[in-house]
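S.K.: The task is simple: from the sequences and hints, build the whole structure.
Here are the chains, one letter per residue:
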Amino acid sequence: MLNNITMGQYYPVDSVIHRLDPRMKLILSIAYIVAVFLANSFAGYILLAAFLLFVCHMANVPFRLLLKGLRPLRMIIVITFLLNLFLTPGDEVWISFWIIRITRESFLQALFYSLRLALLVAGTSLLTLTTSPIALSDGMEVLLTPLKKIHFPAHELAMMMTIALRFIPTLLEETDKIMKAQMARGADFESGNILVRAKAMVPLLVPLFVSAFRRAGDLAMAMESRCYHGGEGRTRLRVLKTTRNDWIALGVVALLLTLIVLEGIFLKGVLF
Amino acid sequence: MQHDAMISLENVSFTYEEASSPALSDISASIRPGEFVAVLGHNGSGKSTLAKLINALYTPAEGNVVVCGYNTREEKLVWEIRRRAGMIFQNPDNQIVATVVKEDVAFGLENLGVPTEEMLPRIEQALSAVRMNKYADSAPHTLSGGQKQRVAIAGILAMEPSVIIADEATAMLDPSGRKEVLDTVRMLNRTKGITVLWITHFMEEAALADRIFVVTDGKVQIEGTPAEVFSHVEEMREMHLDVPPMTALSNALRMEGLPLPAGILTVENMVQEVEKLICPSKSAI
Chain A
1 MLNNITMGQY YPVDSVIHRL DPRMKLILSI AYIVAVFLAN SFAGYILLAA
51 FLLFVCHMAN VPFRLLLKGL RPLRMIIVIT FLLNLFLTPG DEVWISFWII
101 RITRESFLQA LFYSLRLALL VAGTSLLTLT TSPIALSDGM EVLLTPLKKI
151 HFPAHELAMM MTIALRFIPT LLEETDKIMK AQMARGADFE SGNILVRAKA
201 MVPLLVPLFV SAFRRAGDLA MAMESRCYHG GEGRTRLRVL KTTRNDWIAL
251 GVVALLLTLI VLEGIFLKGV LF
Chain B
1 MQHDAMISLE NVSFTYEEAS SPALSDISAS IRPGEFVAVL GHNGSGKSTL
51 AKLINALYTP AEGNVVVCGY NTREEKLVWE IRRRAGMIFQ NPDNQIVATV
101 VKEDVAFGLE NLGVPTEEML PRIEQALSAV RMNKYADSAP HTLSGGQKQR
151 VAIAGILAME PSVIIADEAT AMLDPSGRKE VLDTVRMLNR TKGITVLWIT
201 HFMEEAALAD RIFVVTDGKV QIEGTPAEVF SHVEEMREMH LDVPPMTALS
251 NALRMEGLPL PAGILTVENM VQEVEKLICP SKSAI
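Quick mapping for you: the protein sequence lines, in order, are chains A and B.
Residue 1 is where the first sequence starts when you use this note's numbering, and the numbers rise one by one after that.
Residue 1 is where the second sequence starts when you use this note's numbering, and the numbers rise one by one after that.
By construction, these hints were calculated from the structure, which means they are not laboratory data.
Any given hint could be a false lead.
Here chain B is said to cover these stretches of chain A; the calculated rule only asks that three of the stretch's residues, wherever they fall, bring their Cβ under 8 Å from a Cβ of chain B [said to hold, decoys possible]:
#: 1; stretch: 166 to 172
#: 2; stretch: 229 to 239
Cross-link-like lysine-lysine pairs, in silico, DSSO-like; alpha carbons within 30 Å at most [stated by the list, open to error]:
#: 3; chain 1: B; residue 1: Lys192; chain 2: B; residue 2: Lys76
#: 4; chain 1: B; residue 1: Lys76; chain 2: B; residue 2: Lys52
#: 5; chain 1: B; residue 1: Lys134; chain 2: B; residue 2: Lys192
#: 6; chain 1: B; residue 1: Lys179; chain 2: B; residue 2: Lys134
#: 7; chain 1: A; residue 1: Lys199; chain 2: A; residue 2: Lys180
#: 8; chain 1: A; residue 1: Lys149; chain 2: B; residue 2: Lys76
#: 9; chain 1: A; residue 1: Lys177; chain 2: B; residue 2: Lys179
#: 10; chain 1: B; residue 1: Lys134; chain 2: A; residue 2: Lys241
#: 11; chain 1: B; residue 1: Lys76; chain 2: A; residue 2: Lys148
#: 12; chain 1: B; residue 1: Lys52; chain 2: B; residue 2: Lys192
#: 13; chain 1: B; residue 1: Lys179; chain 2: B; residue 2: Lys219
#: 14; chain 1: B; residue 1: Lys52; chain 2: B; residue 2: Lys179
Don't be surprised by glycine CBs; every beta carbon is placed ideally from N, CA and C.
M.R.: Below you can see the structure in the form of structure tokens.
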């Protein structure tokens, strides 16, 4: 169980999409998000959904994982749907009793906004499903490099990400050990209300924090003794390279974005 | 004299900021290239401070530390020193930076600005020198303590050092992990001629060194070959340090009047000497 935690949401299979340059995937994801916001008809959404399914298929990612990514947001999606359904004014009344009034317009808008949210989340989770966290942080480091001119710590952020990912399993193991040690001495982490349980966490968190700081000190010293002196003059073992597939992917997304823009111009306001 | 020394300490003193007494006071020592030197001492004796002074992590309050001809006082030379004198630390977890073994080995090379094409062969060489090449793509947390320490050694080896400083590198390992790490470092010492400074509180490990420095209260109390050092049984006891069991036994027997020589370290030594005592004629005939 501890072994796959480092990977987060990452679904480790080999596919064309997995092999794409993380920089390209990040840029394309941003383009996709823009497309989702630009689309304003169901035709556009059908196109975007088709695109998502196509990428999902190419990436060898099971469709249920994409749906699973939506689960944490299900309440927000439902609330968005209900608020839009009840609060949007419209003329063609479908149901009306007491203070509730559902019109054709409100129903369509509710559907529209919930779909938009779902498409956004599904698209971005496709990025994290097909890109390992390390590749993501590498890609972000490169993309944020221009911001170094305004003293944005791009390299440091990526290094912090790497170290965090490296130490997640170590700290989890340690949490487990401390928890067992405290339980052996009669600590109870499971019963009582939320306040009691939160209080029970203190004897777990304090030693964990102390040791995390000690580790940080040790690691800083070990890094220094291996000549670490920041990002300057540093070379990389993993060099990001764009391949032909990256440019093909760029072409596909550019086509998608163009279609969405055209759809926005010609089908404006036409929901169906 | 100073020029042939790999590491030389000249009247070195060091005091931690909040401490009232110095961690090290007036230490002088010289370590020749290719030597395997053990620094033996119990907790708080100042032996770890010594390691950090040699790696230029600390600069001495007084005196000079010269590593491969570079004085650790000169800030510009710090990276040169650290490249040549690699250090392995006590906690195997807290010195691995990357999420994949080979990337961790690459860490030092990346910091030195070694071109990418050159890195892969150097990493492969370093990993096979510590016999960890099978694990190049593993995640560090799936390895045992001894394996992690070997990865740490590979990370240093890739930088082609002249000295390896092991700061209690085996203290947190189980017996088999300890043996694994010590054997690896001894092999590197013999085959590649890398100078080793092995800091430990295990006398069995120190007994394998060419030379031992016994450090207590920030001073080198005894210095010499293992046989010489362990013959000071009483002094070692006073410093709360053990001597190898056979050395202790031979000392006790000597006190009882048996004419055993000093400097017996192993069971084999003991058997030989006792045989000589029992039938001295054997060798004569």
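S.K.: So, for every hint listed, does it hold in this structure?
M.R.: Verification of the supplied hints:
| no. | hint | result |
| --- | --- | --- |
| 1 | 166 to 172 | holds (count 3) |
| 2 | 229 to 239 | holds (count 8) |
| 3 | B:Lys192 <-> B:Lys76 | holds (28 Å) |
| 4 | B:Lys76 <-> B:Lys52 | holds (17 Å) |
| 5 | B:Lys134 <-> B:Lys192 | holds (22 Å) |
| 6 | B:Lys179 <-> B:Lys134 | holds (20 Å) |
| 7 | A:Lys199 <-> A:Lys180 | holds (17 Å) |
| 8 | A:Lys149 <-> B:Lys76 | holds (26 Å) |
| 9 | A:Lys177 <-> B:Lys179 | holds (26 Å) |
| 10 | B:Lys134 <-> A:Lys241 | holds (26 Å) |
| 11 | B:Lys76 <-> A:Lys148 | holds (25 Å) |
| 12 | B:Lys52 <-> B:Lys192 | holds (23 Å) |
| 13 | B:Lys179 <-> B:Lys219 | holds (28 Å) |
| 14 | B:Lys52 <-> B:Lys179 | holds (24 Å) |
Violated hints are absent here; each numbered hint is respected by the structure.
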